[in-house]
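Those protein sequences? They're chains Y, U, G and C, same order as listed.
Take my numbering: the last position of the first sequence gets the number 1493, and nothing is skipped along the way.
Take my numbering: the last position of the second sequence gets the number 1493, and nothing is skipped along the way.
Take my numbering: the last position of the third sequence gets the number 1493, and nothing is skipped along the way.
Take my numbering: the last position of the fourth sequence gets the number 1493, and nothing is skipped along the way.
Incorrect hints may have been included.
Which copy is meant is left open, because identical chains are indistinguishable; a pair holds if it fits in one copy or across any two.
[Claimed, not checked] Using 30 Å as the maximum straight-line C-alpha spacing, the simulated DSSO-like pairs for lysine-lysine come out as follows:
1. K1324 / K1342
2. K1439 / K1492
3. K1324 / K1492
4. K1324 / K1439
5. K1342 / K1439
6. K1492 / K1342
Please keep in mind that the hints were generated in silico from the structure rather than gathered at the bench.
Each chain, letter by letter, is given below.
There are 4 protein chains.
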Amino acid sequence: MQIAIVYDSGYGHTAKQAQAVAEGVNRVAGASAKLIAVADGDIDWDTLAAADGIIFGSPTYNGLISAKLKGFMEASTRTAWVPQTWRNKIAAGFTNSGAMHGDKLNSLISMALFAAQHGMIWVGLDLFPGKTNEELNRVGGWLGAMAQSDEAPAEVTPIASDLATAAHLGQRVAEIAAQFRAGKA
Amino acid sequence: MQIAIVYDSGYGHTAKQAQAVAEGVNRVAGASAKLIAVADGDIDWDTLAAADGIIFGSPTYNGLISAKLKGFMEASTRTAWVPQTWRNKIAAGFTNSGAMHGDKLNSLISMALFAAQHGMIWVGLDLFPGKTNEELNRVGGWLGAMAQSDEAPAEVTPIASDLATAAHLGQRVAEIAAQFRAGKA
Amino acid sequence: MQIAIVYDSGYGHTAKQAQAVAEGVNRVAGASAKLIAVADGDIDWDTLAAADGIIFGSPTYNGLISAKLKGFMEASTRTAWVPQTWRNKIAAGFTNSGAMHGDKLNSLISMALFAAQHGMIWVGLDLFPGKTNEELNRVGGWLGAMAQSDEAPAEVTPIASDLATAAHLGQRVAEIAAQFRAGKA
Amino acid sequence: MQIAIVYDSGYGHTAKQAQAVAEGVNRVAGASAKLIAVADGDIDWDTLAAADGIIFGSPTYNGLISAKLKGFMEASTRTAWVPQTWRNKIAAGFTNSGAMHGDKLNSLISMALFAAQHGMIWVGLDLFPGKTNEELNRVGGWLGAMAQSDEAPAEVTPIASDLATAAHLGQRVAEIAAQFRAGKA
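Here chain Y stands alone, though its shape is the one from the complex (with noise of 0.2 Å):
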């Protein structure tokens, strides 16, 4: 069972960000991983429509995602929204921004309403908010996994929580598709 991670990034957080959600994903028995950048150009249609679930991720600049990962939720509209290619599949999202809030609810917003269009079904995290900066969902979100990164490199940030909170969401993601698939039979 494979779950692609569709993710654009920046300045290598988001990346990092994603580098934990597949971490996730490959804990669970039976399931892979397939981390596809937007930045890298073609996207890999028939990787994304074999996947039984699709994770996106996207810093969050001006509030919202990044103009890449919105071209490529547009060059998907011919290729999967229009064939219904992604229906029944398990979606999530990630975002990660500069501030602590950073309006980065909209991000996900955005990516759950896109993942509907497509009727794709959403998971997001089943965590309690974080009360201390090590603790898991230290940011505080539901819909999907939350980062936040100051200015320093992505050596650096985000910090081992939100990566931790990151992975949470992609195993989640993976039993999730896991228990779908089972039930198909």
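Assemble the complex: chain Y is given as a structure, and chains U, G and C must be docked to it using the hints.
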């Protein structure tokens, strides 16, 4: 398998939509809909805890779900959110308003956020937008089922296609909940 | 010139934030803040009709404004929306929640949509995100003033910078309302 | 007094809506509209810096503004956000999509958040929802001007009432910008 439909209705239009959702649920073999009107007073939390899915419904007033449905949400905090009673249940939503657009999306987003906070899994529509008033999804939404009612009484409006869209959502939720349940074993 | 602050508060934290907004309003020469708690019962619609600006405040519970503030919104339909009493008044919003992010954005969006439906003019923050807990806008929002309160009582939280951010919003709304009023002549 | 209209258009429908907004601006004595299509390449940042108001326009694709308008937003970060060049300018938005609802609200919310991040002041519609296809605001939104275009070419659609709604927004923005400017003295 039971799917609960928790809804508020001011003048009967959303109640009619809720009834259509229930009919859609009941089309699925082994699925049974349980309607819960928040205005009826004491919520049957046990029914909600036992359900495989919960569908939320509200009129959109002032660009948002009704105060009564919000009151239900607040009551759920202690009862269901803290013990994560609804974690991994299937969730969905529907709404009705007087205007075609009517900021209905904000009601559905608020329901989807609420469901995500409870660790639920969100299912929307898998329908293309209808091109005439007779077609499914003529309002053109995806995060949930939308209906539009003019000032006519609930006997006349929402129109048949909006009710059929609501029924489609109910059926879809029941099918997905059944598949997800089957995969648990 | 009067700026009304209509707010709900569950445990006193948002009331403290409302008080800070009022202090910000009162810093502006000729401006006077009028606090209206929706929980106090009968709304003074005449004060609202006479105000040059209305600032809405609510805790974010379940990712959304409180049922009580929503009840106020519904009551405004007949009183202010139909006769467009609030058209072209300045509007703004503030919210508080336990988690840093806490889906607070959804509360502010819902307030901004409500204001737009009334034909009001929306003013947010003009602050960069704070980088420490001592700086203004440390939560990092723009559509309105955000605060975060942990489980400590309202004597202790929200912290000083969140209250200063709320005061900044109050002052900003009063200044813009004064300029807009002066331009009417 | 100049009002800039920055827009993207895929097939000419949103361009036609932008033209209607411009006509509305030009109805106001002393106001002049300046249309800027982001697809034309280099943005005239000086015109934007000098304008009293900026109105943003985009098709809603995939439930969100176009990648091209988002690219413009990202380019504004260094040019206008960091130096707060647009602080206290009047802002507004319009959008067009194929479906009646079409999740257009999400595009307008994203524009309003973007404007708030720039410290701008947001103006929506002051119109009741139209009850027929001939009336203003027949789509029924308030945060900005909405239009619906079917697959017909831009010569035929959006229909007259949607264009009149766009013109109403342009006029309203120009009037409010004029009043706000007059109050500065």
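Here is how each hint holds up against the structure:
| no. | hint | in the structure |
| --- | --- | --- |
| 1 | K1324 / K1342 | within (14 Å within a copy, 42 Å between copies) |
| 2 | K1439 / K1492 | neither (39 Å within a copy, 32 Å between copies) |
| 3 | K1324 / K1492 | neither (33 Å within a copy, 32 Å between copies) |
| 4 | K1324 / K1439 | both (23 Å within a copy, 22 Å between copies) |
| 5 | K1342 / K1439 | neither (32 Å within a copy, 35 Å between copies) |
| 6 | K1492 / K1342 | both (23 Å within a copy, 25 Å between copies) |
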